[in-house]
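A.B. asks: The task is simple: from the sequences and hints, build the whole structure.
Number of protein chains: 2
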Amino acid sequence: MVHAYDALLAHQRATSLLGSTAALLAWDQETQMPRGAGDVRAQQLSQLAELQHERATDPRVAEWLSQCAADARVQQDADRAANVREWQRDHDRATRLPSALVAELAEVESKAQQAWAEARSRDAFAKFRPWLDRMVALQQQKADCLKRPDQSRWDALADLYEPGMNAADLRALFAPLRTALVALRDRLRGGTPPTDAFARQPIAEAQQESFVRAVLAAMGFDDKRGRLDRSAHPFCTKVGADVRLTTRFRPEAVLDALGSTMHEGGHGLYEQGFDDAHFGTPLGEAVSLGVHESQSRLWENHVGRSLAFWQWCLPIAQKQLGGWRDVDAMAVFRAVNVVRPSLIRVEADEATYDLHVMVRFEIEQQLIDGQLGTSNLPGEWNRLYREYLGIAVPDDKHGCLQDVHWSCGLFGYFPTYTLGNLYAAQFAAAADKALGGLPALLERGQFTTLREWLRRQIHRHGRRHSPAELCRLVTGAPLSSAPFLQHLEKKLAVVYGI
Amino acid sequence: MVHAYDALLAHQRATSLLGSTAALLAWDQETQMPRGAGDVRAQQLSQLAELQHERATDPRVAEWLSQCAADARVQQDADRAANVREWQRDHDRATRLPSALVAELAEVESKAQQAWAEARSRDAFAKFRPWLDRMVALQQQKADCLKRPDQSRWDALADLYEPGMNAADLRALFAPLRTALVALRDRLRGGTPPTDAFARQPIAEAQQESFVRAVLAAMGFDDKRGRLDRSAHPFCTKVGADVRLTTRFRPEAVLDALGSTMHEGGHGLYEQGFDDAHFGTPLGEAVSLGVHESQSRLWENHVGRSLAFWQWCLPIAQKQLGGWRDVDAMAVFRAVNVVRPSLIRVEADEATYDLHVMVRFEIEQQLIDGQLGTSNLPGEWNRLYREYLGIAVPDDKHGCLQDVHWSCGLFGYFPTYTLGNLYAAQFAAAADKALGGLPALLERGQFTTLREWLRRQIHRHGRRHSPAELCRLVTGAPLSSAPFLQHLEKKLAVVYGI
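Chains as they are written, first to last, in this note's numbering: chain A, 297 to 794; chain B, 297 to 794.
A couple of the hints might just be wrong.
For identical chains, the list gives no copy identity; a pair is met inside one copy or between any two copies.
[To be verified] List of simulated lysine to any residue pairs, SDA-like, C-alpha gap at most 20 Å: (1) K520 - D335; (2) K615 - A625; (3) K520 - V336; (4) K520 - P330; (5) K786 - R481; (6) K520 - Q339.
These are calculated hints, taken from the structure and not from any lab test.
C.D. replies: So, in structure tokens, the structure goes:
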């Protein structure tokens with residue numbers, strides 16, 4: 297007789313393998329697929345999603361899980377017990393959602409996203425509003441299926457992306473952070489803004505590409521198990537054993553190409569950092585979106601926007617880009633840290649980015665928990681942008697229609713971006729302490745020392761610990777905004793001379 | 297109640313959709329996948345193959361098929377009747393093979409291919425021989441499951457690739473062809489060999505690429521539903537709604553890049569030429585490998601190696617390649633038609649290619665039907681190369697170890713290459729007659745007129761007719777080697793001045 301754990305393991309690995317094939321379909325769609333193939337691609341993706349859902353809700357999974365729960369040999373083995381705990385969590389979720397709701401969500405997500413794209417291009421919120429209403433209602437139904445008694449609807453959705461996260465804890469974390477960021481924003485007005493004109497000179501794509509590839513290789517990204525391509529919106533995905541990153545190139549935006557590459561490279565190192573022995577199980581998967589984002593932001597901001605990094609990187613940039621001869625590392629360091637409150641989240645600097653996230657958190661929590669109707673969305677959006685970022689929103693295209701997330705049914709997702717920034721700062725401070733000073737490593741280009749530390753401390757654990765436990769284990773403290781604010785204030789004092 | 301035909305259609309379309317996802321996995325493996333991802337990719341492919349096989353042998357398929365066979369509404373509808381006939385054929389085959397044999401074949405194919413690659417690189421036939429023995433034995437078992445009373449084992453395997461093909465008919469077709477090709481080979485020795493030195497000057501890859509892309513676009517290949525990439529061995533595959541071609545570039549081999557592109561482009565036009573209404577059904581699939589190859593060879597040889605084509609193409613080549621200023625269309629026409637008996641099939645010219653195929657046909661038929669043991673394979677190979685091609689084989693690497701096919705279990709496949717050449721010549725002659733002379737179209741670059749004729753006459757039919765019926769319908773005659781020999785002799789008389 298096959299042990300229940302082994303049967304469950306084989307079943308779940310096969311399901312995960314199917315998921316990796318779906319990941320290839322999605323990657324190919326964004327990077328390679330000719331535009332006339334979209335309809336069939338949607339069918340291919342939906343077929344694999346259905347097969348995965350069938351497997352995830354297979355009644356045998358529940359049987360195997362209960363046998364494993366009662367089996368001392370499983371429960372006394374830390375790896376197996378952790379996998380069983382996480383499989384149980386995944387199974388509960390999958391089985392709580394009725395198939396009809398899953399199918400309706402899939403259909404409305406696809407249609408609402410098209411409606412959103414059209415509404416955004418025409419700056420016509422009214423065209424999108426009926427879809428948003430329908431989506432909010434469906435997400436409320438979904439939340440009702442998922443939520444525990446102690447959770448609000450929004451909490452139940454957020455828990456999908458960041459296990460253990462809830463609105464009350466986030467408010468406690470975000471309120472002082474917002475006050476400090478708004479104060480910082482005002483204080484910088486009295487400083488000397490850096491110039492970044494040199495970095496906006498047009499540079500040929502081939503040169504930008506060899507530059508960012510050199511940095512990615514130095515980060516220790518393994519190109520035998522990964523690749524870098526182009527797409528309109530940079531992303532990272534894992535296709536079985538290999539990790540695929542994308543970046544984008546515009547002639548006058550080499551710093552954006554570098555930042556995107558280091559950001560996605562950080563995600564990629566996380567995905568390359570799991571233990572092969574745990575392939576296809578929770579111990580070989582990312583613990584949360586917040587922790588995933590911490591890995592991208594750590595490399596993008598704590599490495600790529602540091603003075604020490606540019607002391608190492610400037611000669612490489614000069615060689616690969618064939619320019620930047622008249623600047624020194626300090627000048628590039630200042631240029632990559634310009635703070636300019638702006639309308640668009642994905643173009644925001646490190647000091648104002650989280651204010652964009654907080655606007656979305658306030659609004660989506662109220663939409664899902666019922667305090668705000670969609671008719672009041674643009675007004676509330678614009679009011680919060682004035683309050684948090686100090687800027688006026690000219691139209692919905694540059695306002696509440698800018699992000700794709702809500703049209704895809706992603707409610708409870710936005711705060712993971714800010715959690716990522718906070719985790720990144722707290723992890724970077726811990727690494728700095730553990731490794732005897734990060735700047736000394738970075739200025740010598742010893743990035744793999746940092747990668748190995750991250751791998752040991754974070755990547756290798758997969759979903760063994762909750763995000764909160766992981767944070768305590770790695771940093772000795774619960775998540776706080778203090779390390780992030782210290783990092784920002786220390787850095788911007790130099791950059792702005794305040 | 298759902299009509300049996302509709303249920304069957306939905307089932308088969310979903311199976312076909314799964315096959316298109318498997319095609320993406322395979323395409324990606326050859327063109328994009330990092331080399332460290334091979335093991336997981338093999339698992340992904342094998343999982344989808346298993347899912348497809350499960351669906352193909354689903355007992356409901358047999359029920360639906362028998363209901364359709366008894367349903368006048370189906371049998372009186374030409375499209376439905378043709379689909380049901382072909383589904384029945386596919387189902388019979390899939391269910392005749394025991395799962396254990398399918399699994400063993402898959403495993404041995406994978407291992408034998410690795411053994412072959414190593415044996416080839418070391419020129420060590422003895423290392424491959426045990427795998428070949430095992431493979432031949434498995435193929436014999438497979439043939440025993442499949443064969444009808446009137447078929448030999450080899451016939452049963454060949455029928456998988458070319459419905460209706462058998463060894464006796466092939467011998468009748470090939471014997472006079474071989475005599476004529478050997479005589480032609482000897483006659484050319486008395487002619488004036490063309491020079492192709494100008495075409496071997498190194499040309500940068502980017503220029504070669506824009507050249508071959510210009511020709512592919514002129515052929516009418518639709519890049520909204522297709523793309524062209526690079527791979528070590530050029531191929532064409534369909535990934536759902538889009539068709540993916542590859543070619544290869546070497547500095548001194550621009551004619552090879554062009555020939556490969558036009559060859560794969562011909563396959564691609566066939567795959568783009570099915571009726572969308574028949575997507576995922578036999579009426580939207582290629583009828584045989586021979587007919588598929590006819591489409592590639594027609595474009596590669598009857599278009600790309602014609603004087604009229606080069607009258608149109610030379611100015612484009614001169615512009616894109618930035619050279620070839622001292623040659624005229626006649627010189628290029630002569631250069632692309634050099635005949636040089638050689639050791640390697642994939643590098644063979646149009647006049648000796650089929651002699652390579654006939655060597656393989658003789659040998660594999662005897663291996664499978666039991667007249668030849670693998671210990672005598674190298675000797676027999678070398679003897680036939682001397683007899684058919686007039687050349688001595690120096691080692692097995694350049695001899696019986698050169699092709700991957702047998703290691704992958706492809707027995708009965710080689711003759712489809714020659715059938716492709718014969719169909720191509722017969723179809724080209726019919727097109728010439730129907731369109732008022734091909735040269736007049738080609739010299740003006742009016743390739744889409746030819747594409748539309750092929751689409752109407754051949755592509756649109758999918759698997760509606762057998763290959764033999766299709767040949768009669770398109771050309772008014774059964775397949776013969778006469779048009780091919782006439783084409784070759786007429787052309788080479790000009791090229792060699794004989």
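A.B. asks: 20 Å Cα cut-off: does K786 pair with R481 within a copy, between copies, both or neither?
C.D. replies: within (14 Å within a copy, 82 Å between copies)
A.B. asks: Please sort K615 with A625 into within, between, both or neither, judging by C-alpha distance up to 20 Å.
C.D. replies: within (14 Å within a copy, 46 Å between copies)
A.B. asks: Since the copies are identical, ignore which copy is meant and state whether K520 and V336 lie within 20 Å (CA to CA) inside a copy, between copies, both or neither.
C.D. replies: between (31 Å within a copy, 13 Å between copies)
A.B. asks: Can you give me the call for K520 and Q339, within, between, both or neither, at a CA distance of at most 20 Å?
C.D. replies: So K520 and Q339 pass the 20 Å test across copies only (18 Å; inside, 31 Å).
A.B. asks: When no copy is named, should K520 and D335 be tagged within, between, both, or neither for a Cα gap of at most 20 Å?
C.D. replies: between (32 Å within a copy, 13 Å between copies)
A.B. asks: Tell me, please, which holds for K520 and P330 at an alpha-carbon limit of 20 Å: within, between, both or neither?
C.D. replies: between (26 Å within a copy, 5 Å between copies)
Violated hints for the displayed structure: none, as all numbered hints are satisfied.
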